[in-house]
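Chemist: Here is how the chains run, residue by residue.
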Amino acid sequence: MIDLDTLGNPPNWLAADTIERSRAALEGGLARETWKYSSLTKTLRMLIGAPGVSRAPLADVPEGVSVTRLSALATPPALTLDIERYPLAGITASLAAEGWLIDVKGSPDRPLVLDCETGINAPTILRVHRGCRVDIREPGARGGVRASVRVLQADAGSTVCWAQAELADDAEQWWLLKAQLKDNASLELHQHAAGARFRRLDTHVTLQGTGSNCLATGAGIVGPGEHLDRQQVVEHAGRNTFSRTKLHNLAGGRSRCSFNGRIHIHPGASGADADLSNKNLALDIEAEINTKPELEIYTDDVRCAHGATVGQIDPNALFYLQSRGLPEHRARRILCIGFLTECIRGPLADKVLNAFLARLDGAAPSAAAELPGGSAQS
Amino acid sequence: MSESPLDIIGQEYSAGFVTDVESETLPPGLDESVVRFISEKKREPGWLTDWRLSAFAGWARMTPPEWAHVNFPPIDFDAISYYSAPKSLEGGPQSLDEVDPELLRTYEKLGIPLHEQEMLAGVSRAEPRVAVDAVFDSVSIATTFKDKLREAGVIFCPISEAVHTHPELVKRYLGSVVPRGDNFYAALNSAVFSDGSFVYVPKGVRCPMELSTYFRINEQNTGQFERTLIVADEGAYVSYLEGCTAPMRDDNQLHAAVVELVALDDAEIKYSTVQNWYPGDADGKGGIYNFVTKRGACRGAHSKISWTQVETGSAITWKYPSVVLRGDHSVGEFYSVALTNNFQQADTGTKMIHLGRGTKSTIISKGISAGRSQNSYRGLVRTSPAAGDARNYTQCDSLLIGERCGAHTFPYIENKSASAVVEHEATTSKVSEDQLFLCRQRGIDPEKAVSMIVNGFCKDVFRQLPMEFAVEAGKLLEVSLEGAVG
Amino acid sequence: MRLLDIDDLHVRVDDKPILNGLSLSMNAGEVHAIMGPNGSGKSTLANVLAGHPGYEIIGGSIRFAGADLDGLAPEERAHAGVFMAFQHPVEIPGVTNMEFLKAANDSRLAARNLEPLSALEFMKKVRNLAQSLDLDSEFLKRGVNEGFSGGERKRNEILQLLLLEPKLAVLDETDSGLDIDALRTVADGVNRFHADGNGVLLITHYQRLLNHVVPDHVHVLADGRIVESGDGSLAHALEERGYAWLREDREDTPPARRSSGMRN
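Chains as they are written, first to last, in our numbering: chain E, 1 to 378; chain B, 1 to 486; chain F, 1 to 264.
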């Protein structure tokens with residue numbers, strides 16, 4: 001393992017034992033399990049060599065929103081990182097030059113556009129106050145080594161829409177999005193990602209409050225030589241919570257596309273209703289697809305289901321289209337796009353779809369031969 | 001609010017008695033000399049002694065697996081005795097007439113007939129349907145219908161006997177599916193395995209009756225480490241049943257078995273288990289640690305291996321009957337019912353490793369959790385790049401009874417074949433109040449209603465069991481669920 | 001002979017009062033219809049009679065065939081002769097209809113210290129009943145209500161009514177979702193049951209079933225109590241004028257004058 005002693009003392013807004021706990025967690029069985037399909041050591045090495053970013057992640061600050069340095073706060077809010085599960089969050093926070101609090105006390109008239117720069121981004125707490133409504137976007141187009149940790153604290157009755165598009169293929173990236181929802185808070189998540197040199201995305205939603213809910217969709221496309229690994233945890237802790245997670249991935253070339261989706265229902269979380277679906281299309285003989293949908297349930301008054309599939313383009317559908325006069329490559333392309341668009345939702349959908357169309361070329365030459373040149377810009 | 005008081009005490013584990021026989025039992029502890037002692041006791045050839053010693057050396061360097069969703073204090077492997085046999089069986093298995101009547105009575109009480117005559121009288125058909133190998137602690141005490149089977153060319157005997165009578169077969173296949181260093185418990189088994197069954201069905205032979213082994217742990221502080229090896233040669237067919245029980249004891253006892261199945265071209269092996277080891281009492285005291293490695297190899301084209309298991313016993317179950325689908329167009333199946341009640345923990349499932357072209361696997365898993373138990377399905381479906389057109393279908397359903405139990409699903413899908421289709425589905429439900437009320441409105445008492453609903457939930461799996469076992473399995477569920485409603 | 005006596009029954013569900021002083025009496029051999037708008041407490045009455053654990057009785061009493069039902073488990077009420085035909089019979093996957101019927105019938109006989117019917121006798125009996133209700137005998141092999149159409153479910157309920165030979169049938173909206181043929185089949189079944197001298201409590205929103213099963217008494221349930229009782233003609237009046245006029249009528253009716261059902 002890598003020497004963490006060079007990290008020095010953590011900043012005042014971070015718990016003093018962060019590095020110690022991260023170090024222990026890096027060696028633990030949980031890290032081994034959650035990093036089964038991506039190299040934890042390589043990721044750690046990558047992070048340690050990267051420069052820290054101290055600029056605020058939000059440039060355009062609408063009314064009702066304030067941005068504050070964590071170091072400037074007398075009593076900074078706790079950065080709940082769950083280091084035992086996410087040791088890299090502890091490392092990233094320790095490496096970052098700064099931390100930020102984005103306080104949303106009203107319902108802003110325009111989206112908050114978060115920037116994730118090249119380097120180790122400052123951990124950011126996004127607090128959405130009671131009853132507020134906010135639209136968050138992370139267009140995330142940059143390449144290079146990038147790491148970020150975002151913590152969403154959604155107060156009772158708040159409504160958050162968070163759209164992310166990670167499309168740069170020259171990126172080596174790890175991020176964590178942690179969301180905690182209080183009573184009746186709603187989160188709509190749209191997380192779309194293309195494969196990259198290395199891309200590992202962790203999302204962890206905790207439905208703490210009664211009636212809190214989360215709808216998550218995501219589409220992914222992974223081309224030759226690329227890597228995409230997503231870990232999605234939805235914890236149901238409050239009563240009568242609701243979640244839907246739907247993720248489609250398309251993999252071609254010698255690529256590796258991995259997914260882990262865990263639904264965890266706590267004791268006492270009666271009335272939980274959870275569903276997770278992950279579908280994958282393999283376009284190429286050398287594409288490796290790993291998927292692990294998990295259920296962990298500790299109470300009986302629940303309705304839970306998950307499904308995962310790995311397959312190819314449905315030959316019947318292909319034949320149907322061909323019988324209507326479409327050439328095979330075009331029929332394939334239509335089916336690939338249809339498969340992805342089922343999960344391309346949210347404010348960044350157009351941008352993502354265009355980028356994916358352009359990428360279909362790399363992922364599946366036969367499927368992409370009919371690309372319309374004009375719409376292939378991202 | 002007219003719930004009738006149902007917190008009746010669970011029915012006693014009916015197989016929980018102790019047989020009073022004088023046994024020769026090794027003092028607790030494990031080192032090389034114990035391994036040598038067992039090997040000598042069985043007058044094994046040198047190659048097998050070496051094989052055991054090498055397994056032991058490997059085991060000594062290994063650590064117990066920790067990834068399963070189970071919790072228990074570390075096992076003191078030096079507190080276990082690795083060999084125990086009734087003294088009357090000194091000198092190996094004898095004819096049934098010479099077996100200690102106390103032992104025969106044990107099996108009678110368990111409903112396992114060892115007298116061929118009685119068995120014949122008990123069924124209306126002229127042909128016997130089940131041959132039994134009875135294993136008591138570390139040794140096989142009797143195998144029925146050996147002659148009848150020999151006529152058909154089928155070898156069915158204790159593995160300790162096969163080592164002497166069919167050394168070439170044993171040497172060729174032993175450890176060929178589960179290598180001696182496969183995992184911690186398999187390595188331990190390879191070092192100290194005591195007895196178990198050996199089956200060889202020659203080319204083109206359809207085994208004329210069901211084969212069955214009945215395992216019984218009797219002695220205290222004794223581990224049971226049986227080893228079963230079943231080989232179906234080209235075009236052969238065999239259906240094999242396994243049952244197990246143990247006395248009720250306050251201490252946990254270790255059972256670390258290894259089962260290896262080999263199916264050559266066009267062969268089919270059907271392996272059914274009704275596992276009813278002592279589960280511990282209602283407070284979670286005692287019970288068997290059932291840490292078992294079961295694996296089948298579909299070596300030949302168009303071969304088929306089918307595992308069916310009904311797991312109701314054991315304090316902890318750690319078991320993943322798997323199939324390596326090497327032969328083109330071979331088929332693997334796993335049908336499982338795992339029921340946990342009180343403080344039982346089960347982490348069970350399967351691995352389907354697709355290596356050959358056109359290989360198919362089906363996984364149907366039904367988990368029922370009641371009381372404070374934890375019940376996990378853990379499965380792996382892996383397709384290699386060569387496994388063109390591989391297919392898998394997995395259905396995992398969990399039923400929860402009560403708000404303090406847990407039901408978990410951990411399926412791993414690792415796909416490297418671009419023409420494979422892998423489908424996994426899982427659902428979780430509870431016995432709904434509406435279902436219960438409908439039954440009660442029709443006059444059916446709640447315990448009966450729950451067991452009926454649970455049986456219905458398991459039907460897809462019970463259908464796979466041979467008739468006699470299906471009935472037994474249904475009854476077992478009913479008994480295991482006692483006290484779960486209320 | 002008095003079959004059912006409900007006196008000043010108060011019931012709540014999740015702390016919400018649903019029945020507020022309902023009284024009703026019926027004799028053996030009578031058909032009573034309970035009509036009322038949605039939310040008036042009709043299904044609650046059916047569930048309370050059958051002893052559904054989700055309903056809390058906070059006042060009043062129910063006597064059935066001379067004995068107090070209070071404290072009896074649902075299965076004990078069933079054994080005593082109370083049968084409820086469900087508005088939405090639930091599915092029990094994997095349990096075949098035949099197994100279910102056998103278990104129910106065996107339990108009923110066991111409660112009377114009688115031997116269960118042999119499998120053969122039982123099958124024969126059930127097959128005949130199924131035939132009389134236009135149910136294909138294939139349906140006996142299917143899971144309880146699993147994949148049944150609305151009509152099949154309701155006919156299955158009537159089959160159970162006829163098989164289990166209770167004294168009182170409480171039919172909770174058994175007519176809903178039935179086409180005219182199925183309605184007639186169901187009505188025939190109920191009439192057969194009635195003809196044996198048994199009591200029928202028909203809970204319905206509409207009058208149409210009452211064309212086939214003719215009630216001796218009709219009661220109107222509103223806001224958890226019976227506000228009007230009469231003979232069959234009341235049902236026709238309701239069909240023509242709806243339930244609204246009852247409410248208007250009631251607004252200027254002092255509570256002390258509220259009807260407490262038929263007492264004959």
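Fair warning: there could be bad hints in the mix.
[To be verified] Lysine to aspartate or glutamate pairs mimicking EDC-like chemistry, simulated, CA-CA at most 20 angstroms apart:
#1 Lys279/E x Glu66/B
#2 Lys102/F x Glu447/B
#3 Lys279/E x Glu423/B
#4 Lys360/B x Asp314/E
#5 Lys475/B x Glu76/F
#6 Lys279/E x Glu478/B
#7 Lys448/B x Asp8/F
#8 Lys36/E x Glu447/B
#9 Lys141/F x Asp147/B
#10 Lys246/E x Glu447/B
#11 Lys246/E x Glu423/B
#12 Lys459/B x Glu91/F
#13 Lys102/F x Glu66/B
#14 Lys459/B x Glu76/F
#15 Lys448/B x Glu76/F
#16 Lys36/E x Asp251/B
#17 Lys475/B x Glu99/F
#18 Lys448/B x Glu240/F
Since the hints were derived computationally from the structure, they do not count as laboratory data.
Chemist: Each hint: holds or not?
Modeler: For each hint, the structure was consulted:
1. Lys279/E x Glu66/B: Distance of about 30 angstroms is beyond 20 angstroms: violated.
2. Lys102/F x Glu447/B: Holds - the C-alpha atoms of glutamate 447/B and lysine 102/F are around 16 angstroms apart, at most 20 angstroms.
3. Lys279/E x Glu423/B: OK: lysine 279/E and glutamate 423/B at ~9 angstroms, within 20 angstroms.
4. Lys360/B x Asp314/E: 18 angstroms, holds
5. Lys475/B x Glu76/F: At roughly 25 angstroms apart (the allowed maximum being 20 angstroms), glutamate 76/F and lysine 475/B break the hint.
6. Lys279/E x Glu478/B: 38 angstroms, violated
7. Lys448/B x Asp8/F: 35 angstroms, violated
8. Lys36/E x Glu447/B: 44 angstroms, violated
9. Lys141/F x Asp147/B: Not satisfied, since the Cα-Cα distance of roughly 42 angstroms exceeds 20 angstroms.
10. Lys246/E x Glu447/B: 39 angstroms, violated
11. Lys246/E x Glu423/B: 15 angstroms, holds
12. Lys459/B x Glu91/F: Since the Cα atoms of lysine 459/B and glutamate 91/F sit roughly 15 angstroms apart, the hinted pair holds (cutoff 20 angstroms).
13. Lys102/F x Glu66/B: The hint is violated at about 47 angstroms.
14. Lys459/B x Glu76/F: Outside the cut-off at roughly 29 angstroms; violated.
15. Lys448/B x Glu76/F: 14 angstroms, holds
16. Lys36/E x Asp251/B: Violated: lysine 36/E and aspartate 251/B sit about 36 angstroms apart, past 20 angstroms.
17. Lys475/B x Glu99/F: 15 angstroms, holds
18. Lys448/B x Glu240/F: 48 angstroms, violated
In summary, the numbered hints that this structure violates are 1, 5, 6, 7, 8, 9, 10, 13, 14, 16, 18.
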